[in-house]
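Enquirer: Chain residues, written in single-letter form:
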Amino acid sequence: MRIPLYQVDAFTSRVFGGNPAAVCPLDHWLGDATLQAIAAENNLSETAFFTGNSDLRELRWFTPAVEVDLCGHATLASAFVILERLEPKRREVRFCSRSGELRVTREAGLYSLDFPSRPAKAH
Amino acid sequence: MRPVCIPSIFLRGPPKRIESPPRGLLEALGGEPGELWLARDYVAVFGDEDTVRNLQPNIELLRAVDMYALIVTAPGRSVDFVSRFFAPGRGIAEDPVTGSAHCTLIPFWSERLNKKSLLAHQVSHRGGELLCEDLGERVKISGRAVLYCEGTIYL
Numbered sequence: 007m008r009i010p011l012y013q014v015d016a017f018t019s020r021v022f023g024g025n026p027a028a029v030c031p032l033d034h035w036l037g038d039a040t041l042q043a044i045a046a047e048n049n050l051s052e053t054a055f056f057t058g059n060s061d062l063r064e065l066r067w068f069t070p071a072v073e074v075d076l077c078g079h080a081t082l083a084s085a086f087v088i089l090e091r092l093e094p095k096r097r098e099v100r101f102c103s104r105s106g107e108l109r110v111t112r113e114a115g116l117y118s119l120d121f122p123s124r125p126a127k128a129h
Numbered sequence: 033m034r035p036v037c038i039p040s041i042f043l044r045g046p047p048k049r050i051e052s053p054p055r056g057l058l059e060a061l062g063g064e065p066g067e068l069w070l071a072r073d074y075v076a077v078f079g080d081e082d083t084v085r086n087l088q089p090n091i092e093l094l095r096a097v098d099m100y101a102l103i104v105t106a107p108g109r110s111v112d113f114v115s116r117f118f119a120p121g122r123g124i125a126e127d128p129v130t131g132s133a134h135c136t137l138i139p140f141w142s143e144r145l146n147k148k149s150l151l152a153h154q155v156s157h158r159g160g161e162l163l164c165e166d167l168g169e170r171v172k173i174s175g176r177a178v179l180y181c182e183g184t185i186y187l
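Protein chains in written order, with the working numbering: chain U, 7 to 129; chain V, 33 to 187.
Any given hint could be a false lead.
To be verified - The calculated lysine to any residue pairs, modelled on SDA-like cross-linking and capped at a C-alpha distance of 25 Å, are:
#1 V:Lys-172 with U:Trp-35
#2 V:Lys-148 with U:Arg-112
#3 V:Lys-172 with U:Pro-10
#4 V:Lys-172 with U:His-34
#5 V:Lys-172 with U:Asn-49
#6 U:Lys-95 with V:Lys-147
#7 V:Lys-172 with U:Arg-8
#8 V:Lys-148 with U:Thr-111
#9 V:Lys-147 with U:Thr-111
#10 V:Lys-172 with U:Glu-73
#11 V:Lys-172 with U:Glu-93
#12 V:Lys-172 with U:Leu-89
#13 V:Lys-148 with U:Asn-59
#14 V:Lys-172 with U:Ser-118
#15 V:Lys-172 with U:Gly-115
#16 V:Lys-148 with U:Arg-97
#17 V:Lys-172 with U:Ile-9
#18 U:Lys-95 with U:Ser-19
#19 V:Lys-172 with U:Ala-43
#20 V:Lys-172 with U:Cys-102
#21 V:Lys-147 with V:Gly-123
#22 V:Lys-147 with U:Arg-112
#23 V:Lys-147 with U:Ala-39
#24 V:Lys-172 with U:Glu-113
#25 V:Lys-172 with U:Arg-100
#26 V:Lys-172 with U:Arg-112
Unchecked claim - Quick list of simulated restraints, FRET-style, between CB atoms:
#27 U:Arg-97 with V:Glu-59: 44 to 50 Å
#28 U:Arg-96 with V:Glu-64: 44 to 50 Å
#29 V:Glu-143 with U:Arg-8: 45 to 51 Å
#30 V:Leu-151 with U:Glu-47: 33 to 39 Å
Hints listed in this document are in silico derivations from the structure and should not be mistaken for laboratory results.
The structure presented is a predicted model; accordingly, all values stated were derived computationally and were not measured.
Ideal Cβ placement from N, Cα and C applies to all residues, glycine included.
Same shape as in the complex, but just chain V (with noise of 0.2 Å):
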């Protein structure tokens, strides 16, 4: 199906943590994140950085949760924030950087910082640099790129 140019509509909803984490979840985590929020995706926040880069989630137990995705996210160092994003569920074990995963993390950590622009690694093996942006209902999310490779597919 072709796509359908449309507005998107997306609405914001007041935060809230949540209390009781869906089955399975903190056992696959490997740790007990700080809160839990929910959007498209579970949101694990966690105190520090280093706590992010070294979690090793069990990726077998975590496809069997219920939800579309996790991302796991702390404080940086030396950036505003860092995360790492997993989706079994959907035949990604974890990615590398995702841009879909910081239209609910910038909303999150602004409000968190009180900063509209923010500076965010996702700190996977191949890692990430995104510079953010907070505007109300829409987010901008900026990035570099390098061509790999360049080639023709004969159909």
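Pulled out of the complex, with its shape left as it was, chain U reads as follows (with noise of 0.2 Å):
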């Protein structure tokens, strides 16, 4: 099985930048554990994985040793790939992830990540 990788710099405009992420676009899900030991080896802070179709995806995040809730740049990064390279005609991206529906929307090279609020309150 051949699987495509990207490394993408988040948040920045300079290769070396910003926080890099590996992005695996798959055509279905692999085991947890596959999934887990491609981030292990990756070794980068988060690899995200997504499936689906243009419509919606299902978008994964890991660190090298767990699975995450939530992941920003990572998030970005997918959204770059699918619309940099796998559906550059798009300008909007919807996951379904662990954190809900997350929208990534592309103007003028930027992209946009809806995310929920996460205020600090009281201790």
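With the hints as a guide, bring both chains together as one complex.
Expert: Here it is as structure tokens:
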């Protein structure tokens, strides 16, 4: 089996800046142990995997050690791969994730993530 | 477990400063913040950008603090705010750019600066730029990205 792998620097406009993420588009989900092993092998802070089609994709994020609930830079990196390489005519990507639905839009090279607010509160 | 798409519920809480930091936090920070807040992460607020840039927390001491992660932040010189993110307990000494930290930083600085649109820099070694918008219960985080490499995994 062959799986495409992209490494994207997110939240920057120059290589070696921002936060690097690995992105793997999948035709279908692989077992959790395989996803985790790929993330461990990549050894980047996060590896994102997604399946699905243009209408709605499922997105998951793995650190080298565990699956996580939310990751901004790997979401941006995933949207970048979809909108730059896989479907360049589109301007918006919808993901379904552990943190609910996440939308990313592209305008003039700027990717916008619509995320839940998580305000600081009384401690 | 595959993701189940349910609406996210993240309630706003009235912000209040915490007066007594968790054990070991100040020692690990290596500096005393003007204020300390809590969401998922602790948020240590400093008075100026240079303090945040120059801060050298003791990562080993920080690992022992009972918390998810630590954000340090201050008003920026050329942008609205700057920050850095440390999560040694989760295997990340310092994260270069952290989208999820801005889920907390945006409502905080939006209220403090009375602005809905904010420009933020994460002043780690690699550095990151984030355009932020406070949409109430949600936040919009925007940035650019660049492809570093492309390849194939063989399984």
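Enquirer: A separate judgement is required for each hint: does it hold in the structure or not?
Expert: We went through each hint and held it up to the structure:
Restraint check: the Cα-Cα separation between Lys-172 (chain V) and Trp-35 (chain U) comes to about 29 Å, which exceeds 25 Å; the hinted pair is violated. For the suggested pair Lys-148 (chain V) and Arg-112 (chain U), the alpha carbons sit about 20 Å apart, so the restraint of at most 25 Å is met. Our distance criterion of 25 Å between C-alpha atoms is broken by Lys-172 (chain V) and Pro-10 (chain U), whose separation comes to about 29 Å. This hinted pair does not check out: Lys-172 (chain V) and His-34 (chain U) have alpha carbons roughly 29 Å apart, beyond 25 Å.
With a C-alpha separation of about 28 Å, the suggested pair Lys-172 (chain V) and Asn-49 (chain U) falls outside the 25 Å cut-off, and the hint is violated. Between the alpha carbons of Lys-95 (chain U) and Lys-147 (chain V) the distance comes to roughly 33 Å, so the proposed pair goes past 25 Å and is violated. For the hint linking Lys-172 (chain V) to Arg-8 (chain U), the alpha-carbon distance of about 35 Å lies beyond 25 Å, and the restraint is violated. Proximity of Lys-148 (chain V) to Thr-111 (chain U) is assessed by CA-CA distance (about 19 Å); at most 25 Å being required, the pair is judged to hold.
For the suggested pair Lys-147 (chain V) and Thr-111 (chain U), the alpha carbons sit about 22 Å apart, so the restraint of at most 25 Å is met. Only pairs whose Cα atoms come within 25 Å are accepted, and Lys-172 (chain V) paired with Glu-73 (chain U) is accepted, the gap being roughly 24 Å. Taking the CA atoms of Lys-172 (chain V) and Glu-93 (chain U), the gap is near 23 Å; set against the 25 Å cutoff, the hint holds. With a CA separation close to 18 Å, the supplied pair Lys-172 (chain V) and Leu-89 (chain U) stays within the 25 Å bound.
Annotation: proposed proximity of Lys-148 (chain V) to Asn-59 (chain U) is violated, straight-line Cα distance about 34 Å (limit 25 Å). For the hint linking Lys-172 (chain V) to Ser-118 (chain U), the alpha-carbon distance of about 6 Å falls within 25 Å, and the restraint holds. Taking the CA atoms of Lys-172 (chain V) and Gly-115 (chain U), the gap is near 16 Å; set against the 25 Å cutoff, the hint holds. With a CA separation close to 24 Å, the supplied pair Lys-148 (chain V) and Arg-97 (chain U) stays within the 25 Å bound.
A threshold of 25 Å between alpha carbons decides the hint, and for Lys-172 (chain V) with Ile-9 (chain U) the separation of about 31 Å lies outside it, so the pair is violated. With a C-alpha separation of about 21 Å, the suggested pairing of Lys-95 (chain U) with Ser-19 (chain U) holds against the 25 Å cut-off. Note on Lys-172 (chain V) and Ala-43 (chain U): the hinted pairing is violated, with a Cα-Cα distance of about 32 Å set against a maximum of 25 Å. Under the criterion of a C-alpha separation no larger than 25 Å, the hint pairing Lys-172 (chain V) with Cys-102 (chain U) is consistent with the structure, at around 17 Å.
For the hint pairing Lys-147 (chain V) with Gly-123 (chain V), the CA-to-CA distance comes to about 34 Å; that exceeds 25 Å, so the pair is violated. Taking the CA atoms of Lys-147 (chain V) and Arg-112 (chain U), the gap is about 23 Å. The hint holds against a cut of 25 Å. The suggested pairing of Lys-147 (chain V) with Ala-39 (chain U) is violated, with an alpha-carbon distance near 45 Å, which exceeds 25 Å. Restraint check for Lys-172 (chain V) and Glu-113 (chain U): the C-alpha separation of about 13 Å stays at or below 25 Å, so the hint holds.
With a C-alpha separation of about 14 Å, the suggested pair Lys-172 (chain V) and Arg-100 (chain U) falls inside the 25 Å cut-off, and the hint holds. For the proposed pair Lys-172 (chain V) and Arg-112 (chain U), the alpha carbon gap of about 12 Å is at most 25 Å, so the pair holds. Judged by the Cβ atoms, the range 44 to 50 Å given for Arg-97 (chain U) and Glu-59 (chain V) holds: they are separated by roughly 49 Å. Between Arg-96 (chain U) and Glu-64 (chain V), the C-beta spacing of about 49 Å keeps the proposed range 44 to 50 Å intact.
Distance hint for Glu-143 (chain V) and Arg-8 (chain U): a CB-CB separation of about 49 Å, consistent with the stated range 45 to 51 Å. Range check, Leu-151 (chain V) to Glu-47 (chain U): about 36 Å between beta-carbon atoms, so the 33 to 39 Å window is met.
The structure fails to meet hints 1, 3, 4, 5, 6, 7, 13, 17, 19, 21, 23 from the earlier list, while all remaining hints are met.
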